[in-house]
Structures are given as C-alpha cells and as structure tokens.
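*Asks:* Here is what each chain is made of, one letter per residue.
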Amino acid sequence: MNKEAPLSIAERDFILNALREDVRLDGRQADQFRPLNVSFGEEYGHVKVQLGKTSLIVRISSEVTKPHDDRPFDGIFTIALELTAMGSPAWENGRQGDLETYVSNVLDRVIRHSNALDTESLCVLKGVSCWNVRADVHITNYDGNLIDAACIGVMAGLQHFRRPDAVVKDGQVIVYGVDERVPVALNITHKPLSVTFHTFDEGKRVIVDATRKEEQASEADVVMGLNNAGDVCYLSKFSGSPVSAMVFVNKSSVALEKVKEINGIIDKALQADLAKRAKGGLIEESRATNDR
Amino acid sequence: MASPLILLPGDEVPSEYLPSNNSAPLRLGAGLRLLSQPSSNPPSHVITATQPGLLSTDNKRNAVSILSTPNRRYLPTPGDLVIAQIHHSSPDYFHCMITPQAPQALLGQLSFEGATKKTRPMLKQGDLVYARVLSTGLGAGAEVELTCVNPATGRADGGLGPLTGGMVFDVSTGLAARLIKASSSSAEQQDGVAGLVVLDELGKKLEKAGGFEIAVGRNGKVWVDCANGGDYAVKATVAIGRCLSTIDEHELSSTDQRKLVTRILREMKIES
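Protein chains in written order, with the numbering used here: chain A, 78 to 369; chain B, 151 to 422.
Isolated chain A, as found in the complex:
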C-alpha cells in the first residue's frame, strides 16, 4: 500500500499523446521549469525551495569535530536526505526506498564529489579539529523533480550559511559565538546544479522538470550536473529504456542555460536577503564599533 500510486492507463496515454503535440499538462514548454521560489529563514543556512508544487526545506548546520584519520587537512561535509511521510503519503518513515537512495546518491555526486564546498578550508587544526558541515534536506511536498529541487536547496543553503569564526591560539581552538564575531561564509569553489530530463516516445520527446505524473509516464531519465562555466561534473542514465547519444549532446546546452538561469534566481534571492539583514544586522553593528 505504501507505494507511489500507479498512473491509470488513460493518464499515461494522454500525457504521451499530448507530448507528441508538444503540449504539457500545465501548459509549459518542453524545456521550461516550473516557477521557482527560493526564500531564506531567520537563521543562516535555512532555505525554503518551492518548485511548482514540490517544496522542501534545507538546513545547514556546523560543529567542530575531529577530522578523519586518513584526511587530517580536510573538514567533513555530509548531505542527509530522508523521505518521510511528511512529503508524500507514499513514503514511510524510516524505510529507505529506491528514490531516496537515488536522490542522495546524485546529490552526493553533484555537490560533494565535485568539491563545490572546499573541505580543506574547513580545517581548523591539522588532525585535531575541523568543521563538520551538514546539510539536512526535508521534503515537505512532492510533485516530481526532487533531484533538481534538492540540488537548488543545498547549493543556496551553502551560499547562505555562515559558520562561527574559530581561531587557534597557543594550540587551543577558540570558537567565537555569532554575537561575538561576524560569522564566516563558506568557501564555495563553484556552483553546480543538476538538471533532470525525462524522455518519452522512444527518446523522441525530452522534457525538463517533470511533474510526478510526467515522471511516472516517462520511459527514462537523464541527469546532468553542470556549473555556470559549463563544466559537466555529473552525468547519469541509471535506468529505463536507452537514450540516444544525441540527446546528451543537444540537451547539455539546454542544461547550461537552465543552470545559469537558476543560479541567477538564487543569487538574486541571496542578495535580497543580505540587503534585508544589512539593516540593523550584526554586520552593521560591528562596523559601527570599528568606525569609533
């Protein structure tokens, strides 16, 4: 019973027939995303992403720990994603489904393995202490394209997050509270985002940002991870029917365009939030002290 509801035959046929006429259920173009809204909470690293009816909350947190023995110069960065019953009645708490494994794997590859967050900058004292940055993804509503939405959320969160300042004095690590010293932004090397394509009709129709119904009706999906410079950091075609190589070639330019567009939206939201915080915020306060 706790499974995604299968599509009816009528729905599946209709979605396919409509795509053959270049019509999508919500009137979008084949390579058009749903309206994206990125907003930030009161604390640093608290992001809410709304992509059409898919919505999620990302919370970035940090603490000081001991680094791994084999990597004494590196900090630790983990992305935790759990599909709970909060997001969809088809998911069960505490039981890992295929979708959960898949999405966490892609997030790990696109963001963590591409070194979007420079983990070396998280080192405080070699082999003794480092920062452990953790990104928690909570899905609050599911209507398809979880991968892209989660990617947007984590990347926006990393750019928004400020960790407390820490210094080493006489071999002692001192962590300053956020009200003592201005917290430090994380060191982001590049801003990769994923774009998921779904194929229909033996690979002849390719769409981005599929809704839940479109995802269920599709035959295969292709995920591309790119950054603003057009470097491809991830490419996958896990399951489903074969996809011709030309799809990858043609659609990578679409993906780049989308990544630039989404990064633009994130930057705009970040700047708006910074401007809001600058008024009467801690940064302003500390600057006033320095002036005196």
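Simulated from the structure, these hints should not be mistaken for laboratory data. Glycine residues also receive a C-beta, built at the ideal position from the N, C-alpha and C atoms. Any given hint could turn out to be false.
As the list claims (entries may be wrong) - Here are the computed lysine-lysine pairs in the DSS-like style, where the Cα-Cα straight-line distance is at most 30 Å:
id	chain 1	residue 1	chain 2	residue 2
1	A	K328	A	K125
2	B	K355	A	K290
3	A	K80	B	K274
4	A	K290	B	K267
5	A	K130	B	K210
6	A	K130	B	K419
7	B	K354	B	K210
8	A	K328	A	K345
9	A	K281	B	K274
10	A	K80	A	K337
11	B	K331	A	K130
12	B	K331	A	K290
13	A	K130	A	K353
14	B	K419	A	K281
15	B	K210	A	K290
16	B	K419	A	K328
17	A	K290	B	K419
To be verified - Taking beta-carbon pairs under 10 Å as the criterion, some of the chain B residues facing chain A (in silico):
id	residue
18	P250
19	D277
20	E295
21	A389
As the list claims (entries may be wrong) - Calculated Cβ distances over 12 Å to all of chain A for the following chain B residues:
id	residue
22	L168
23	L260
24	T396
Start from chain A and add chain B according to the hints.
*Replies:* Okay, now just chain B, sitting in the frame of chain A:
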C-alpha cells in the same frame, strides 16, 4: 434564505437552517451525522457536523450537506460519485483505488448496467470507472463498496460505468464538491452557493471545438474527454485541466473565472 452558516466539527445544525419541506424524509449528505440524545426526555435527535465547512441545503431534494474546505483527504460517504481506478480483479469483485494510499474499495463484477456473467465488462488494471459509493461498512476494517448501477432500477444513471480515453485531473475535494453542486443546482442558485461558472463558460467557448465530456468524482478527481475535438482535442483537455487547477489554487469570482477561461484558451491557441 438565511445567511450562510459555517460549522465546525461537533457543531449542531440549528433546526431553522434545515429544509422545511416535511413531505419527504430528510437526506443527510457528506460531513453530517445524526446523533441521538438518549439523556433528554423524550429522546431526541440532533444533526451534527463531522467536518468543518459551509452548510448547504437543497430544498427540492430535501437534502442537507456540508460544503467542505478545499482539503485533499476524501472520506467515502454512501451516495457519493467517485472516479476509481481498477487495481486488480478477483472472481467476484474488481478491487479499486478511490484514493491512492487508502484501503481498496470493492466493485462487484456484475454491478454494471445490463451485466450478466457473460456480458460483464472486462476491466484491466489501470482502467477507470465512474461509480457510486454503495456502502462504507461499520467499524474497523470495513470495506467500501461501489456500484455502477442504480440498485433500484438496474440502470446506469448519470453516466456511471467505465471511462475510456480522456484525462484525469486532481483537484481538491472541496472543488469537486462545488463542481457537482454547480452542475446540479439551477442557474439562479449557482452564484450564491458555489459561484462556479467555469464549466458553463468552457462549454460555451469550446462548443465550436467539439465540446467535451466531464465526470467529477467526489474523491477529488475530474475526468475530461474531448473525443469530438479533432485537432484541438488534446489542447482543449489540457486547457480545461489548467482552468480547474488555477481555480482550485486561487479564489476567483465569476468575472475572474470568465477572464481566466478566455486567457487560457488564448494561451493554448484554441479558437472559440
């Protein structure tokens, strides 16, 4: 008519709001329950709400029900029209899904118009049926039973039976209830109670494109088919779906609904 009455679960329905027609028995619709009060002398009955919403009465049918808020959870009530999806079939029954993550409902293999052992419809997994809730059973583990015929006449009134082709759109249960109400009540009542003119408007505009068929299920599903639409069939169906989901998300007045229909039809490039 008196001013609209909003009830919360547990609220009693004041007797002055009930239909005054005493010749026929009073019919209770969704969201209302008859409770007896044995403590009072003589024992009396009160009608209480089990869902929050607007009380709506129908004097002609001597019926009263609660027009629920636009939530997404559907609880089967006897007499409701629903769109169910066949999950699997067994020798006596089709096992249907009314809502995806809820226990399946039963639909008798012979509960179709004119069905006999030899002429019953062969439905596959994933087929859709327009059915009426016959009974919901009592207590835990009770099974919901559906039917595609009127048990009294043996006829499929109101288009009950298998739905072929077309597309299903998900809407809130509140909107589904309003759509049913808007289509069943007379024109002068409509603006006051439901205020939904979208289907009338779509019907007028799409007449040239071949018209459309629609079936509204109380479980928040709307089936739309434009079989005579020719080239416009797909676009018209999508346009209807978009109109319904927009109205579901935003509270629109009659004029705004008409504007929305015109705008979406223009966007979808359908001539009207």
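*Asks:* May I ask which of the numbered hints given earlier this structure violates, with the numbers listed in increasing order?
*Replies:* Failing hints, ascending: 4, 5, 10, 15, 20 and 24.
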